[in-house]
Amino acid sequence: MADVTSSRQGTQTEDKPQIDMNMVAIAMHRRSRRLGLYFWIPMIWLVIVAVACIFAPFWGLPPADEIDWVYIQSPPVEGHPLGTDNLGRDLLSRIVWGGRVSLTVGFAAPFIGVGLGLILGLIAGYYRGWADEVIGILIDAWLAIPGLVVLLLFSVVFGGSLFMVCVSLGLLFIPTAARITRAATLNYAGREFVLAAKAMGASDFRIMRKEIFPNIIWPLIAFILIDIPIAIVIEGALSFLGLSVKAPTPSWGGIIAEGREVLSTYPHIAMYPTLVMFVTVLSFNLVGDAIRRRLADVREGAI
Amino acid sequence: MHMGEIILDVRDQRTSFATARGMLAAVDGVSFTLQRGRTLGVVGESGSGKSVLSRSIMRLLPGNAVVPGGSRVILNGRDLTRLSEAELRRLRGPEMAIVFQDPMTSLNPVLSIGRQIMEVLMFHLGMKKRAARARAIELLTAVGLPQPDVRVDQYPHQLSGGMRQRVAIAIAIACEPDLLIADEPTTALDVTVQAEILDLLQRMVRERNMAMILITHDMGVVAGRCDDVAVMYAGRIVEQAPVRDLFRNTRMPYTAALLASIPKVTDPPHRKLDAIDGRPPDLINPPPGCPFAPRCKLADADCDQGKPMLEGPAGHLFACIRPLGQETAA
Amino acid sequence: MRYLLYRLRRLAIVLGVVTFITFLLVNVLPGDVAYEMAGMDSTEEEVQEIREELGLNRPVLIRYVEWVGGVFTGDWGTSYINKENVWDAVTDRFPVSFELMLLAQILALSMAIPAGMASAFRPNGRADRIIGALAFASVSMPSFMTAILLIFVFALGLGWLPATGYEPLSTGLWANLKPMILPALSLALVEWTILMRTLRVEMISVLQENYIALARAKGMSNLRILWVHALRPSSFSMITLLGLQVARLLGGTIIIEQIFGIPGIGRLLIHAVYTRDFIVIQGCVTFFALAFVTANFLVDVAYAWLDPRVRTGGSHG
Ligand SMILES: Nc1ncnc2c1ncn2[C@@H]1O[C@H](COP(=O)(O)OP(=O)(O)OP(=O)(O)O)[C@@H](O)[C@H]1O
Ligand SMILES: [Mg+2]
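Chains as they are written, first to last, in full-length UniProt numbering: chain A, 1 to 303; chain B, 1 to 330; chain C, 1 to 317.
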């Protein structure tokens, strides 16, 4: 893009070499629209993690809660490639099984939240009036409570099943999803094609589904992409506090919390899951960013 | 005609922009000189490169601008193209200053107008805060801002457009520059205010013995207020002459078309100035010959053979091989 | 003014909804506080008795109204577990959390502002790309991870700073700040990225403004242009975000206080959650919501400071 903000006084060229300035100019502006290494390397990592987690039972890993009395708090040894934790449980196995929780929550929560937010936002944006006002107040109230507090309450009230973790985490994504939907709906609800559909006697539901929904789906998909790593991070925080899925089901945050107790003596117990979680979240962020940019390009008609 | 010292000497200024489609030649070989005490009017349609030329002189170009090595801008004997950014900074203000087109957006909304004047005085002249403030009030008085001692603490949004342009002029003349560039200083203002601002600029130039480049696309503005006129088209000067000469003895068909577009008193108000048919050429892939040829009624096949040079007798230069007034002469 | 009144009314309703939802939630706790108090091997009758005693058998709505009445008269109830006055408990611990959050925001801002400026100055330039990459890494690192890494390096490894603990201000400023540095940094290292990105976007567009071009034409240096001319007009979204971030930050302090053993309001809440001390939970959440609302009111005040158009009522003189 044009670097118009800089104060460099342009380039004063010495006009000796006869290079085609037109080609240089075009080259300067051609943004690589292909997905580069920053997409593919994290993508490969994510595929590895996903395959490892989905097919966890088939790798011949020791069960995640099996205690190996010979090796307790051991650094990597034969049979335990990443060593064992406080209780002598295989760390690799726990990380893989914990990944199942993280990935499930990471995908399920944003979809739940965006789904509910979509419904609320459509209603608010399409019907306006008091429905809009009520939904607005609910959303404001929701935003005024720190997300983690909501989760704490839910975890205590509804217990630590994976399903409830997904649902309560999903609730956190409602406000933003609803706001995005509402704004987009407001934008489209007054357009000619919607008015035309109305004039032809289409039902409200049909109009929302056929005319409005296809137009607002892209910002929401972009939003889901941002939310996946966020959901993984929050689940991590929750399980770090021991308020996610119930023990002994392993989860990344939980393993890190256990490792924290022995950080000074056996740092590897906290460090391996930290590393895995960091790289995974980073990968989701990078991949999501690349896809979002591409979506934007496609929608701008650049491709 | 008295000859003063030469303040500004622009030689073969070329400014291109690297764009996604290729190099856009916004200023394409402009040369002129300007003497102390004189005002040069630069006229041309929108997009003809007037603003880019003024920023090229100030060396305030964006990062995608490319200036070839042969271009020279010599201000008070110093070649600006050879100076570092820090050296240039010391000249902007004390030796050259600019007034922008839109006073609504050219003042910082979060700083009081006093501060915006004072910082120039403090940075360039090393004034202390108190002295700078007093000087700022003097300057505001000089540019005819009512209640200057109150206004000095106000913010741009509290002033009308005309008042803001007065403030912008106060900023520009704060360090008594030798060269003042006014880039369409009145285009955004009410008609009634326009004349006032132009009068003010004229008075400042005369009182302080500066040189001014007055950029406009309105031939009417040029008529009473400039000594010389340069007409720009597609990044080049296509005709240059003392004002009277240009109006009386127009040679370039493009200039004639511009003159025909001066609004008449008899025109309905807010008439659109679209007098010249056709569109300006694409600056990325310019036509091989005279850039005005495609729109010119007098053009023939010869006009598409190479770009005409800017030349002519006795200070009246034009870049045209089929100039007006030729028929009678021949 | 009309708008301000509308905002105030809306805020009041929001607070009402927040407290009511919380009240509903904590009152459907399956293992309610009565079980907790009666002990493991108590009979159903004993539990019923405690319920009776605490008034837990009456309809939720009535109890909510009573509780709200209490809040307005300064009576936030008493902890079921240790009989501590909730208002006292909350206000005792809040200053500690407040200090932590304030430090975190200051650290985050002092990273975000220079970084955002450096990025915006030349978008896609080298500095922008390096800062962008750092920001990516930073958001991918939740505060509890950062905390553990910081402890590992600076407390356990280098031994520069304590890993846990809290010292009141009365023991001296440095003694008080020292154990706060790592916790505040853990929070700031996540928060700065969002602030930085917001500032960057807004500043990029501000730097295209005519008044920046004029500042250049006045011979001002780049640094002065960034700090004096561009920063304030570029800060509006960032300031709004500072207000909204308070909710995130309150959430963050819960974990961070837990990790670093800081006796703030987060610890109080977690403890109340573990012991199902719902009147304390209720108090904490109400206080959080109040803090959030106040912070966002302060943001409106900050606008007035930033923007003379707001301050002077936008009148034309
Ligand atoms: N930063 C830039 N990047 C690319 N092209 C530019 C840039 N700045 C100006 N141009 C192009 O340079 C040409 C000349 O622009 P300029 O602003 O000098 O015209 P002008 O004569 O001042 O017109 P107006 O009367 O509208 O102010 C235009 O075609 C414009 O699109
Ligand atoms: Mg212009």
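Calculated directly from the structure, the hints in this document are not laboratory data. Wrong hints could be hidden among the right ones.
What the hints assert, rightly or not - Among chain C residues calculated to face chain A with C-beta under 10 Å, some are: (1) Ile21; (2) Val60; (3) Arg63; (4) Trp67; (5) Pro114; (6) Leu156.
Claimed, not checked - The calculated label-pair distances, taken between Cβ atoms and stated as ranges, are: (7) C:Leu244 / B:Thr33: 36 to 42 Å; (8) B:Pro146 / C:Val301: 30 to 36 Å; (9) B:Gly126 / C:Asn176: 41 to 47 Å; (10) A:Arg128 / C:Leu24: 40 to 46 Å; (11) C:Leu5 / B:Pro109: 25 to 31 Å.
A virtual CB, placed ideally from N, CA and C, is assigned to each residue, including glycine.
For each hint, the structure was consulted:
no., hint, verdict
1, Ile21, "7 Å, holds"
2, Val60, "14 Å, violated"
3, Arg63, "17 Å, violated"
4, Trp67, "16 Å, violated"
5, Pro114, "16 Å, violated"
6, Leu156, "5 Å, holds"
7, C:Leu244 / B:Thr33: 36 to 42 Å, "58 Å, violated"
8, B:Pro146 / C:Val301: 30 to 36 Å, "33 Å, holds"
9, B:Gly126 / C:Asn176: 41 to 47 Å, "44 Å, holds"
10, A:Arg128 / C:Leu24: 40 to 46 Å, "28 Å, violated"
11, C:Leu5 / B:Pro109: 25 to 31 Å, "27 Å, holds"
In summary, the numbered hints that this structure violates are 2, 3, 4, 5, 7 and 10.
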